[in-house]
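Residue numbers (the working numbering), protein chains in the order written: chain A, 1 to 508; chain B, 509 to 818; chain C, 819 to 1125; chain D, 1126 to 1490.
By construction, these hints were calculated from the structure, which means they are not laboratory data. In this text, all values refer to a predicted model and were calculated from it rather than measured experimentally. Among these hints, one or two may not hold up.
Stated by the list, open to error - Stretch by stretch, here's where chain B covers chain C in the computed footprint (C-beta under 8 Å, at least three residues):
id, stretch
1, 833 to 845
2, 965 to 973
Unchecked claim - Taking lysine to aspartate or glutamate pairs in the DMTMM-like style, the calculated list, with each CA pair at most 25 Å apart, reads:
id, chain 1, residue 1, chain 2, residue 2
3, B, Lys599, A, Glu425
4, D, Lys1160, C, Asp852
5, A, Lys264, A, Glu425
6, D, Lys1349, A, Glu425
7, B, Lys623, C, Glu905
8, D, Lys1349, C, Glu864
9, A, Lys397, A, Asp475
Glycine is no exception: its CB is placed at the ideal position from the N, C-alpha and C atoms.
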Amino acid sequence: MAPTTAGDLLLEMEGITKRFPGVVANEAVDFDVRRGEVHTLLGENGAGKSTLMKILYGLYHADEGEVRLSGKPVTINSPSDAIDRGIGMIHQHFMLVPTLTVAENVALGLPPIRRIRQDLGPVRERISELSDAYGLQVDPDAYIWQLAVGERQRVEIMKAIYRDVSLLILDEPTSVLTPAEVDDLFVTLRQMTDGGRGLVFISHKLHEVMALSDRITVLRGGRVTGRTMPSETSREQLAHMMVGREVQLAPTRLESKAAEARLKVKDLNVLGDRGTPAVTDFDLEVRSGEVVGIAGVSGNGQRELAEALAGLRPVVSGEVVMNGVETTDRTPKEIRRLGVSYIPEERMRDGAIGEFSVAENLILTDHDRPPISRRGLLDFKQIEDGCSDLVRRFTVKTPTLDTPTANLSGGNIQKLVIARELSGEPELLIASQPTRGVDIGAAEYIHTVLMDQRAGGTAILLISEDLDEVIGLSDRIAVMFEGRIMGTLDQEEATVQRLGLLMAGVSE
Amino acid sequence: MSDFFTVSVLLATLAAGIRLATPFLLAALGETLGQRSGVLNLGVEGVMLLGAYGAYYATLRTESVLLGIVIGLAVGGAMGIVYGVVTLALKAEQGISGIGIFIFGLGLSDLLFQKQVGTPTPIDGLGDLAIPVLGDLPWVGEVLFHQNVLVYVAFLLVPAMWYLINRTPFGMNVRAVGETPEAADSLGVSVNRTRYITIFVGNALAGLAGASLALELGIFQQNLTNGHGFIAVALVYFGAWRPVGVMAGSMVFGLVSAMVLQWKTLGIVVGTTASIVGMFPAVLTILVLVLVSRRTGSPSALTRPFERGH
Amino acid sequence: AEEETGRSADDPIRIAMVGPSASNDLAFTQSMVDSLNRLGQEYNIEVDITDGTFVIEDAAVAIRGYAEDGFDIVLAHGSQFGGSLSEIAPDYPDTYFAWGTSRDTFGLSNVYSYSVKSDQGGYINGAMAAHLTESGTIGVVGPIEVGDIKAYIDGFVAGVASVDSSITVNVNYIDSFSDVALAAEAAQAHIEAGADVLTGVSQMTVGATGVAREHGVLWFGSQSDQTPLGEEIVVASQIYNWDYQLGQIVEDLLAGEQNGRVITADFSNGGLTMAYNPNFALDADVREAADAVQAGITDGSISTGIE
Amino acid sequence: MLAAALIGAVMLLILGANPLTGYAALVDGAFGGTKNLANSALKAMPLLLVGAGITVAFRTGVINIGGEGQIIVGAIFSTLLVLAVPDVPRFLLVPLAFLFGALGGAVWGGMAGALKSYAGVNEILSTIMLNIIAVQILNLLLRGPLMDPGEIERGSRIPHTERLSGNADLPILPGGTRLHLGVVVAVLMAVACYVLLFRTTQGLRLRASGHNPFASLYAGMSVKRNVVLAFMYSGAMCGMAGVTLVFGSEGHRLATDGGATTFTGAAGFNGIVAALFGGLHPLWTIPASFLFGALLVGANAMQRAVQVPAALILALNGLVVVFVVGSMQARARLGRTAARLRAEARESPADTEAPDPDAAAEAPP
Ligand SMILES: Nc1ncnc2c1ncn2[C@@H]1O[C@H](COP(=O)(O)OP(=O)(O)OP(=O)(O)O)[C@@H](O)[C@H]1O
Ligand SMILES: Nc1ncnc2c1ncn2[C@@H]1O[C@H](COP(=O)(O)OP(=O)(O)OP(=O)(O)O)[C@@H](O)[C@H]1O
Ligand SMILES: [Mg+2]
Ligand SMILES: [Mg+2]
């Protein structure tokens, strides 16, 4: 237990309890933040981290408990209350208006400078001042939709700094950033704490937690299960505290000899949403029984590459051969029929249908093939059996097969998607960010499954921004930068440093 | 044809086109504001009918056109509050509750008319109002500046609405709320408050649109609007949620209808060919949209109710 | 009569009417309602009205409903109802059906059809219009080109020509009985094309008369007295009073005979009359001319040339 | 529903009529005796066909307010067929008429679908415009080529077709009422819509793209194609409604007076309302449209009984819709919560994870 001296206490949350129908998201949670410190919240999916912070930010109301700011009890009923009290929050999912400019997003909700005519001049100036002061490079007049993920993250932080918050909450801010960006972010955050601000940091990435935190509080099932600091603990201990059992952080890769090529990509060119080149003269080969990792800063063409391979994005030129079949002009359906599976990057957007039951989502890709479909009719007996089997095999935690999928937690939805995609014993698997936003327990499981597939002779293309993951799983790693391959490393020679350089566009 | 292409007839047709475009324009501008904040209102037709009846009845009783206009606005605004409660507080499915509002307006306006007035009684509606100087300009003056006051209002509202949406702090909130309500909310912008305002104004304009019809005609009748409201909604999509685009759409409908009428009057089209010509505006609208593909611009949160923490 | 219609002499005669527009539309439907009211002063009748049934199938259901309920006479007041009536009437041989305007009884003895020689009033109105126009252009706002409406308009055009064939008459069928907005624009278009006298038929004309008033353009009405639509501009209206036809049908009923036939109203049998707007200062010799034409038409010395 | 009834009562009072007598007349006019019940059912028939079709469109995530036009085109197609081959025996001609009607509706609906999928034209706009166009086509045909020759020679020129071949009359059902085959077809088709949506691969695809087009694309479906299909199904249903309105009508002909709803009786819109009463579920749409049809029929009875314009009922229907939608949403929310509770009850909280709100927030715009 770290000693606290009441004087510099910025925030105290005491005995916070929050119940949702059927779930106790937070149970008698005590939590505090001092000026100038980074206090990390750690926990599995569904542990209650976001809920606790949403209470603090006025998005939810606590059923019990008290919140004090600088010693004074306060009630926070809405985000605006929180903002007025100097609290800022960077949400797990960006809270930006794509069709507005950076300046407009920053100015949103602030008392207008002039009643009638919108005047953003002062806002722009202040933004550029702050960009210089904190090394946050953002163009005030750029539209959000034009920005890459990393830049959007900076806009989020700019919004907080601009409002000169004294307490900033960051809910999984790094899950979409690359090492370089994470380092920059941490520098900025440190600058903020030096200025006497207090930060709450939420992340599933233990090395980040170790690197940034002053104090760490671990939640499990809504309860506080441990308080510590980096100097007193290790990643393994933290993992144990979170999950409540031993977790193996680095996946074991058994030997497996790569056989014939399952995916061949030659001179592939693909355009991005704005018609600009996203993937350029791209060459790649993935053989059965091997994992090829694609590392890179988000927004360097990975998404477009995956979509092109999936048949969701037109190919400008070049060729893609899967199992010996040219697929550049094939529909997603035809491509799937070739034994290709995907784990899409955005699980709730592309992977599953929230309103559909677990069962319906499990048959989404095979619904029109026997045994599930007979002459266009669905065979519910088959579906029932097949799905309960999958749910068991992939330990998807769901009350029933008819439960709406949106009612599952992030980790389990991801498991559901993986269960579906692997059910057909794919010969080629394209996995984008398979463990993003998923807790280490689930991540561990997913990694094992991927390794099993590899051992079973599946060819796997792993697109991930989590370098530990890429290095841990891949036989070969290609680094993408501005749509091109900057370089390819074998697993042995790959290190975070070398990859980091390539990702920054520095070829060797 | 020849007698159509005489200056006087052409000018007359233009003037008529502008007059016919006015109800569309007023209603569509209102709908635009609502949709920019993420609320679809298919009930415009019903609101127009109630506004039309309100304006007609007020003028009939008090012989004050001005009061008629005010009542038209007020009735529309009142319906706006109703629609706001239904879609924002009760979070009703917007597409459908709009249809409900339509049917309600259709029924109630007819009911009230039959009970309170009965036999069609003409009123002195809106006379033309010649703008001094400008009205005397050759040609232009006749076409543009000998119109009734609501015509001027409608067309002045186009730049006004553009300014409101794109150049004012409130407009920025509207755009944000229509695009990413969660983000606006997380910065303390009240999503529903913003939407209540846009719905109120939007429906008030629909009411005014109805009033403009009734007062221009100086009469009311069951289902007076006869589809104007639905076309107005369509024109919002035609205009890609931009006031100027909406104006273009309204003009297409106004001018083509005016042209068709002139042709019929002058016997240029007769009998069944008239029906063919009658399709022009609709066909044209679709064609234009096919040619100038307008996938973009739709407010992302359109028809999506906002609930905090979800 | 008893066994045929199941009613004893002193029971009131039960008459039902189905009308396409409102009973107070100052046009087609109202003209029949007014006639029924007048009929009530002569005979002991009981009337039931369903109006505003512009949906043809709704009207058909009402017509059959009335027949089911044992009404003695069922009036399908609208030429668009004939199609349904021809199917319903055979099922109720004891019920007297009448419909109009039309000249077709489907060869059934229990179906009467009434029509009006509306071209006659049209002719008279036309003649007056010809005298009154100064611009030499006259406009007509019509709904759709059917039955008595077409007859009226053709008669009107003929009437104008009978006075001065150099006058232009622009006829505009707007394809709707009910769209007042369209009617108004049509009137506007006429005026912009130089018309200083207008006429029109059916309930949508209330839109046209509004415009006429605004521009102080003269108006001639038909079907029903349209003076209320514009004290200052309405010159005269041809009035349909169906008393004549109704009278004949009721007499047949009381006599217990069914001899379904076409009953045509015109100026000679009083089924058509003219109503002049008392508040309109109509030039004396124009009025004389009009009366002369009416007299000629009545005694047959003048023919409208419309069949 | 109740709220609307109360408001209605108040309105009746204001209009100086006795609500009790009013409602009594309404109920009697709608349900009193087989004759009235039959009339209600007949009024409900087109609403059911349209409504059940609408549910398919709504479940695929598209709003089809083009029912009016699709009804008309369906009617035209079937009429043309019957005019072309009037002598085909009845047991063939009736099914053929329905087939052509469905075809016509599907074509007209499909156009809106194709315009949306392949030209990016919003369906609200296109359907409204297609409605206008359909009305004009109807006027054109009935005033021109399809006009009853008899009308032309008599010079009365009423815009309707000749009395269509008796072989196409929808057979009257036994039982001495006016009920005819159309009612049966309507119910069967509603069931068919249910099967389509919830029992077939097609239906799964349709609902999938309705809820989440992105995931549907990833799963290998073609959302564009599904949108077109949904509009075609929906249109086909409306087209059949058009068939019943022609061959089940008293006149057994296609007729208009130029007005937009003279032929359809606004079934294209009222069908949407019926679908809504039925919670956008094809089967519930059956009782829902019957109820709605009954209301419309009863309205006239009430009008005659207490001399209050039938428009009142229209106004009330509007209210009901508005209220029902509101409460439906409320109920839906309760339902979700209840489901979660039940789920939790079954599983011990320890190994259950209730929904992740963030996941929920990830749903596509
Ligand atoms: N709005 C809500 N309605 C119902 N249950 C909720 C809601 N929000 C959160 N929960 C439940 O509360 C628990 C805590 O959720 P929370 O989002 O705080 O977890 P978390 O620690 O942020 O997980 P993650 O690491 O995936 O973000 C979970 O079981 C979640 O399902
Ligand atoms: N919207 C769609 N997207 C992708 N594929 C489709 C779509 N609709 C149909 N298909 C495929 O086209 C083929 C025939 O389509 P159809 O709709 O007739 O299939 P079905 O009758 O539903 O039976 P099944 O779909 O089970 O083959 C099937 O392989 C079906 O999977
Ligand atoms: Mg969270
Ligand atoms: Mg989460």
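- Which numbered conditions among the earlier hints are violated in the structure presented, ordered from lowest to highest? 2, 3, 4, 6, 7, 8, 9
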